[in-house]
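Using the sequences and the hints, build the whole thing.
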Amino acid sequence: MTDSGSSRGGIDTDERGRFGRAMTTARSLAIVALVVTAASLAGCGMLGGGGGGGGDGGDGGAQSSIDAPREISEPMDPSASEVFSRVTEIVGVEGEAPGVRTTSLPTSRNLSTPFVTAMVGLPDDPQRLTGPLNATYDPEDNSVLFNDETVFDLNGSQVEYQLAYNFALGLHYQNDWIDADSTESAVVRGTLDAVMREYADEHMDGNFANAHDSAEAAFESTTPYEWATYDALNYYGAEYVASQTDSASEISSIYEGGAPETTEQLLHDTDEGPTDLSVTTDVSNWWIDERMPLGESTLGELGTRAVLRSQLSASEAAAAADGWGNDTGMAFTSARNSSAGAVWVHSWDSASEADEFVDAAEAYAEARSDDTYAVNVTRPAEDTTVVVAHRGNFMSNAEISSTDGTVEVVVGGGSS
Numbered sequence: 001m002t003d004s005g006s007s008r009g010g011i012d013t014d015e016r017g018r019f020g021r022a023m024t025t026a027r028s029l030a031i032v033a034l035v036v037t038a039a040s041l042a043g044c045g046m047l048g049g050g051g052g053g054g055g056d057g058g059d060g061g062a063q064s065s066i067d068a069p070r071e072i073s074e075p076m077d078p079s080a081s082e083v084f085s086r087v088t089e090i091v092g093v094e095g096e097a098p099g100v101r102t103t104s105l106p107t108s109r110n111l112s113t114p115f116v117t118a119m120v121g122l123p124d125d126p127q128r129l130t131g132p133l134n135a136t137y138d139p140e141d142n143s144v145l146f147n148d149e150t151v152f153d154l155n156g157s158q159v160e161y162q163l164a165y166n167f168a169l170g171l172h173y174q175n176d177w178i179d180a181d182s183t184e185s186a187v188v189r190g191t192l193d194a195v196m197r198e199y200a201d202e203h204m205d206g207n208f209a210n211a212h213d214s215a216e217a218a219f220e221s222t223t224p225y226e227w228a229t230y231d232a233l234n235y236y237g238a239e240y241v242a243s244q245t246d247s248a249s250e251i252s253s254i255y256e257g258g259a260p261e262t263t264e265q266l267l268h269d270t271d272e273g274p275t276d277l278s279v280t281t282d283v284s285n286w287w288i289d290e291r292m293p294l295g296e297s298t299l300g301e302l303g304t305r306a307v308l309r310s311q312l313s314a315s316e317a318a319a320a321a322d323g324w325g326n327d328t329g330m331a332f333t334s335a336r337n338s339s340a341g342a343v344w345v346h347s348w349d350s351a352s353e354a355d356e357f358v359d360a361a362e363a364y365a366e367a368r369s370d371d372t373y374a375v376n377v378t379r380p381a382e383d384t385t386v387v388v389a390h391r392g393n394f395m396s397n398a399e400i401s402s403t404d405g406t407v408e409v410v411v412g413g414g415s416s
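Just so it is clear: in the sequence shown, position 248 is 248 by the UniProt record's numbering, and no numbers are missing.
No wet-lab data here; the hints were simulated from the structure. Treat the numbers as computed from the prediction; the structure is a model and nothing was measured. Just to be clear, a hint being listed does not mean it is correct.
As the list claims (entries may be wrong) - Beta-carbon label-pair distances, calculated as ranges:
(1) D148 to D213: 49 to 57 angstroms
(2) S278 to E362: 19 to 27 angstroms
(3) E366 to T281: 23 to 31 angstroms
(4) I288 to E382: 31 to 39 angstroms
In this text, a Cβ means the ideal position worked out from N, Cα and C, and glycines have one as well.
This is the structure in structure tokens:
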């Protein structure tokens, strides 16, 4: 999980900067039983490189024609242009219809990261973290890209859902609600969720897989790993947007009025900003280091709560994360053996808030005593805490210190 600010961090992208390995697949925002078929796309002439134009079905709309590489068995109704028109009506904004085409994409994506694996532990069925990448939106050329390997295995309703979702995502880009440097945020997830709920209610048969009555129900429906990675963002993002709007046509007001920049702001309806936190690393060539998941700098209050929730009750995790000031983390993997570790540094609003977190983090560590990773909790300064999840000989190769407000992490003796 990454923090939810709509103007911080980096989007989950592939090598071309495309948004949304996690956000354009069916799991986190999908309708039950929906996953997209290229037979459907080609059947309505949608698999060419579409150009610009509005959503009125005219020239340049989200349609084109090609020679389909496989037999057409299920033409899609409605057309891509009609889907785009429906989405713009729901969102209440105008935009340029994206092109639609197939291309070579990874046939699957894995949502696991070394940091979350160390801090939470893999689910009993790690395959839950791997799923097909059926479609994605490319903001660089305003195109919806379908996977030319998987798209023929999907049906017309699934194609329609993926088109609607990615058209909605395109409108977010075109209206400057997100950009290529924007975080994969709870707010963005929430506004896309609002659009897709209305689209499904008005135009499709089905129910949302993540429509839960409470955070506890949402947590129980998934795994702690998925909760810490994206499902908590999905749930609380949707809750926030629902509290701020009556319909998807009002989501523009969230961005124009100043969307929350941290999950602390989202959870508590406050404008309090993060505290200063300085962390440096010095890593030898024998260790591979990776910053926060997806290149983010912080998990935020919600991410802190979600990680602790893997071992503690909801109330304990929420109380411990309250008072969050800032955080950052990194994972390290040995190039020589199976040793690995993750270091998670927090600053807190006050010493008493740090006290509460340390107590909870120690309970979290104790609950993981039989885990693959052991957990150490230290406090290098009054308002600063460090959680280290480790296996093998990581601890004997790591030095963590704090000087003049800066936490320094040295692994393997450093680069010198």
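Structure-based check of each hint:
1. D148 to D213: 49 to 57 angstroms: Cβ of D148 to Cβ of D213: about 40 angstroms, so the range 49 to 57 angstroms is violated.
2. S278 to E362: 19 to 27 angstroms: Given about 25 angstroms between the Cβ atoms, the range holds.
3. E366 to T281: 23 to 31 angstroms: holds, 28 angstroms
4. I288 to E382: 31 to 39 angstroms: holds, 33 angstroms
Figure legend: structure checked against the earlier numbered hints; the only hint not met is number 1.
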